[in-house]
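Novice: Residue strings, one per chain:
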Amino acid sequence: MKKLFLATTAAIALGAGAAAAEEVKMGIALGFTGPLESLSPPMAEGAELAAREISDSGKFMDGSTVKAVRADTTCIDASAATAAAERLVTSDRVAGIMGAMCSGATGAVLQNVAIPNGVVMISPSATSPALSTVEDNGYFFRTAPSDARQGVIMAENILDRGIETVALTYTNNDYGKGLADSFAEAYKEKGGTVTINAAHEDGKADYSAEIGALSSAGGDALVVVGYVDQGGKGIVRAALDTGAFDTFVFPDGMIAETLETDFGDEIEGSFGQKPGNESEGLSLFVELAKEAGFDGTEIFAPESYDAMALMLLAMQAAGSTNSDDYKGKIMDIANAPGEQIMPGELGKALEILAEGGDIDYQGASAVEFIEPGESAGSYIEMEIKDGKLETVGVR
Amino acid sequence: MDFLNAIVALSNFVLVPAIAYGSQLALGALGVTLIYGILRFSNFAHGDTMAFGTMATILFTWWFQSLGISFGPLPTALLALPLGILGCMAIVLLTDRAVYRFYREQKAKPVILVIVSMGVMFIMNGLVRVIIGPDDQNFADGNRFVITARDFKQMTGLDEGLAIKTTQGITVVVAIIAVGLLFWFLNRTRTGKSMRAYSDNEDLALLSGINPERVVMITWLIVAALATVAGVLYGLDKTFKPFVYFQLLLPIFASAIVGGLGSPVGAIAGGFIIAFSEVTITYAWKKVLTYLLPEAWQPDGLVQLMSTDYKFAVSFVILLIVLLFKPTGLFKGKSV
Chain D
0 MKKLFLATTA AIALGAGAAA AEEVKMGIAL GFTGPLESLS PPMAEGAELA
50 AREISDSGKF MDGSTVKAVR ADTTCIDASA ATAAAERLVT SDRVAGIMGA
100 MCSGATGAVL QNVAIPNGVV MISPSATSPA LSTVEDNGYF FRTAPSDARQ
150 GVIMAENILD RGIETVALTY TNNDYGKGLA DSFAEAYKEK GGTVTINAAH
200 EDGKADYSAE IGALSSAGGD ALVVVGYVDQ GGKGIVRAAL DTGAFDTFVF
250 PDGMIAETLE TDFGDEIEGS FGQKPGNESE GLSLFVELAK EAGFDGTEIF
300 APESYDAMAL MLLAMQAAGS TNSDDYKGKI MDIANAPGEQ IMPGELGKAL
350 EILAEGGDID YQGASAVEFI EPGESAGSYI EMEIKDGKLE TVGVR
Chain Y
0 MDFLNAIVAL SNFVLVPAIA YGSQLALGAL GVTLIYGILR FSNFAHGDTM
50 AFGTMATILF TWWFQSLGIS FGPLPTALLA LPLGILGCMA IVLLTDRAVY
100 RFYREQKAKP VILVIVSMGV MFIMNGLVRV IIGPDDQNFA DGNRFVITAR
150 DFKQMTGLDE GLAIKTTQGI TVVVAIIAVG LLFWFLNRTR TGKSMRAYSD
200 NEDLALLSGI NPERVVMITW LIVAALATVA GVLYGLDKTF KPFVYFQLLL
250 PIFASAIVGG LGSPVGAIAG GFIIAFSEVT ITYAWKKVLT YLLPEAWQPD
300 GLVQLMSTDY KFAVSFVILL IVLLFKPTGL FKGKSV
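Line by line, the protein sequences are chains D and Y.
Take 0 as the starting number for the first sequence in numbering that gives the first Met the number 0 and just add one per residue.
Take 0 as the starting number for the second sequence in numbering that gives the first Met the number 0 and just add one per residue.
Hints in this document: simulated from the structure, not taken from any laboratory.
Predicted, not measured: the structure shown is a model, and the values here were computed from it.
Watch out, some of these pointers could steer you wrong.
Take a look, some chain D residues computed to stay more than 10 Å from chain Y by CB distance [unchecked claim]: (1) E22; (2) G33; (3) E134; (4) D251; (5) E370; (6) M381.
Per label pair, the in silico range of CB-to-CB distance [stated by the list, open to error]: (7) D150(Y) with K384(D): 20 to 28 Å; (8) E104(Y) with E256(D): 52 to 60 Å; (9) R160(D) with P72(Y): 36 to 44 Å; (10) D385(D) with G168(Y): 28 to 36 Å; (11) G386(D) with F324(Y): 49 to 57 Å; (12) L126(Y) with E256(D): 26 to 34 Å; (13) P293(Y) with E267(D): 33 to 41 Å; (14) E188(D) with P293(Y): 31 to 39 Å; (15) A335(D) with D1(Y): 56 to 64 Å; (16) T155(Y) with E184(D): 39 to 47 Å; (17) S282(D) with L85(Y): 56 to 64 Å.
Idealized CB from N, CA, C, for every residue including glycine.
Please take these sequences and the hints and turn them into a complete structure.
Specialist: Below is the structure:
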């Protein structure tokens with residue numbers, strides 16, 4: 000009888016110990032079905048890679064383990080996204096959400112689930128500028144740069160080349176208008192002049208009216224915020240044919256091999272930028288991904304790894320899995336000062352944090368957070384040299 | 000000097016593109032107006048007939064190119080054009096036999112024929128996509144320019160350049176030849192006269208021994224030729240994309256209606272009115288005025304009547320105004 004009593008106390012004591020080293024659940028909310036379903040699997044695997052690395056290190060929160068739970072946000076259906084995230088929070092009781100994927104679904108999940116329930120979410124891929132200004136009570140972050148950021152980068156890129164007046168045309172949709180407006184604002188602020196800000200429609204074959212107006216307004220270069228397989232191409236063709244502009248500036252929608260095959264050296268000296276980086280972290284991540292059996296170069300897979308790692312490292316720093324406790328730590332660990340952390344070094348990061356040290360998380364996408372909690376974003380600067388698109392630097 | 004610069008700038012960005020675009024629209028509108036005058040319905044399938052003819056021409060062009068045949072400085076497509084026209088004639092006669100003749104024998108109302116032509120439009124639309132795909136096809140070769148902006152500046156020493164593309168030159172020349180031939184045919188030949196008689200009064204024409212099936216067949220042949228020429232010129236000057244040809248239907252109908260449906264002269268005038276209004280009303284006059292006005296009066300703003308976003312609205316406002324005050328169009332066509 001006495002022995003049985005002892006055994007029970009021992010079991011209770013063991014149980015109490017296990018309670019300290021708990022199983023932490025993390026939500027992965029991506030559009031596994033819907034228009035971007037082909038992009039989702041590598042992103043989820045990127046996030047799961049980070050979760051596994053931290054869990055297997057045995058150094059996380061006194062030996063706690065991490066379990067990732069997937070949920071489908073569909074990308075286009077806000078109510079389905081809300082229901083999926085609601086399930087993660089109320090039924091699976093996740094400590095944080097890696098997601099959502101598309102800007103619309105992200106806004107819905109944030110407003111309907113994350114803020115009311117007080118759960119941190121980090122989106123790896125939502126780029127809408129509107130998410131920068133949303134009232135998030137400090138629960139929302141993103142490892143993807145806002146399109147507003149690209150506008151600033153493009154403005155700097157142009158001014159650094161000594162071009163101080165440009166004409167601007169954009170494709171008439173949310174992407175075009177958002178990027179064109181953020182660029183025009185940044186460019187004016189930095190002392191440049193936008194002579195005209197005119198929309199063009201995709202899928203029309205006659206752009207002489209647009210080129211007439213753009214050319215009359217003048218400028219040293221033409222900024223084409225459009226799609227290279229749509230109206231953007233028609234605009235560039237018409238501008239070259241009439242001799243209206245020789246130098247063009249291309250944001251991400253226009254950077255493609257089509258530029259080389261269609262225009263080649265006709266647009267010699269034109270330049271632009273696209274999101275991406277060539278950091279040491281990225282190549283390390285690609286190696287790790289290869290071992291895990293997926294392609295780490297897929298778009299937003301590195302950002303997903305970083306989003307998951309940041310949340311778990313912040314928990315370690317705060318010593319708590321409660322969102323209200325660790326949400327304030329995310330900015331600290333993402334930026335300097337501290338020891339730089341690359342992919343595959345998450346165990347080391349956990350040790351430093353456990354000892355109360357500082358880390359500067361670099362990860363796979365060279366993470367650098369700016370207010371209000373989003374990636375500063377690095378962009379690859381491209382230029383047409385001898386009729387070929389060449390990388391000239393990273394911003 | 001400034002005066003010359005102003006004229007050159009205006010020509011480069013307004014006159015030259017608008018004349019080329021106007022010629023393309025005029026040729027398209029002629030086809031629509033002929034069908035309306037003689038077969039008495041609005042042919043919604045016209046844009047896709049243009050696309051089909053152009054597609055046939057492109058396929059022959061590629062074949063010629065693979066054989067190494069070229070047309071010197073001119074695009075090879077001009078050599079393939081007659082074959083493309085034959086291809087278009089075949090498909091148009093086939094649809095007439097298979098579809099339109101049945102309704103003609105029923106003496107179907109024009110509104111039924113309009114809906115039938117929409118059905119034909121969707122089928123041709125699909126046919127073109129199945130054969131050549133929905134993507135851009137660039138088939139222009141030969142010299143791109145008669146004169147480039149840079150060469151013009153060097154030649155004349157002016158600040159403004161004037162670029163004339165080979166395709167723009169060809170467009171205008173071919174359009175003039177096609178329209179000349181059409182008018183000669185309608186006014187001078189026996190068949191042309193019988194077509195006009197049939198158009199003016201069907202019963203009287205039948206009484207005087209005109210064979211209606213022959214008139215209908217010749218009308219389709221002419222329309223197929225005009226549609227293919229218009230489509231190929233447009234494709235050479237801009238680019239060939241089936242969806243764009245489908246959208247061309249709107250400005251083409253606007254041109255035909257502004258000029259007066261059923262009136263060939265009206266179709267040509269309408270084409271140029273629509274093209275010029277799209278380009279001039281949204282043009283920013285700053286550059287031209289800066290050259291013309293004394294320094295004190297030079298404008299700071301763009302001097303743009305309205306933004307280019309509205310260029311499609313412009314053609315339709317003109318259409319509305321014309322229909323309000325002259326319901327039969329500028330050149331006394333038939334009332335719609």
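Novice: Does the Cβ pair S282(D), L85(Y) satisfy 56 to 64 Å?
Specialist: holds, 59 Å
Novice: Per the hint of 33 to 41 Å, is the separation of the Cβ atoms of P293(Y) and E267(D) within bounds?
Specialist: holds, 38 Å
Novice: Do the beta carbons of D385(D) and G168(Y) sit within 28 to 36 Å of each other?
Specialist: holds, 31 Å
Novice: Cβ-Cβ distance between A335(D) and D1(Y): within 56 to 64 Å?
Specialist: Given range 56 to 64 Å: holds, Cβ gap about 58 Å.
Novice: Are all C-beta atoms of chain Y more than 10 Å from that of E370(D)?
Specialist: holds, 35 Å
Novice: Look at the Cβ atoms of E104(Y) and E256(D) and judge whether their distance stays inside 52 to 60 Å.
Specialist: holds, 55 Å
Novice: Confirm or reject: E134(D) is not an interface residue toward chain Y, with every Cβ-Cβ distance exceeding 10 Å.
Specialist: holds, 33 Å
Novice: Can you let me know if the beta-carbon spacing of G386(D) and F324(Y) is within 49 to 57 Å?
Specialist: holds, 54 Å
Novice: Report holds if the minimum CB distance from M381(D) to chain Y is greater than 10 Å, and violated otherwise.
Specialist: holds, 23 Å
Novice: Can you let me know if the beta-carbon spacing of R160(D) and P72(Y) is within 36 to 44 Å?
Specialist: Given about 37 Å between the Cβ atoms, the range holds.
Novice: Taking 10 Å as the cut and beta carbons as the points, is G33(D) off the interface with chain Y?
Specialist: The assertion about G33(D) holds, with a minimum of 23 Å to chain Y.
Novice: With d taken as the least Cβ-Cβ distance between E22(D) and chain Y, does d exceed 10 Å?
Specialist: For E22(D), whose nearest Cβ neighbour in chain Y is about 51 Å away, the distance exceeds 10 Å, so it holds.
In the structure shown, no violation is registered for any of the earlier numbered hints.
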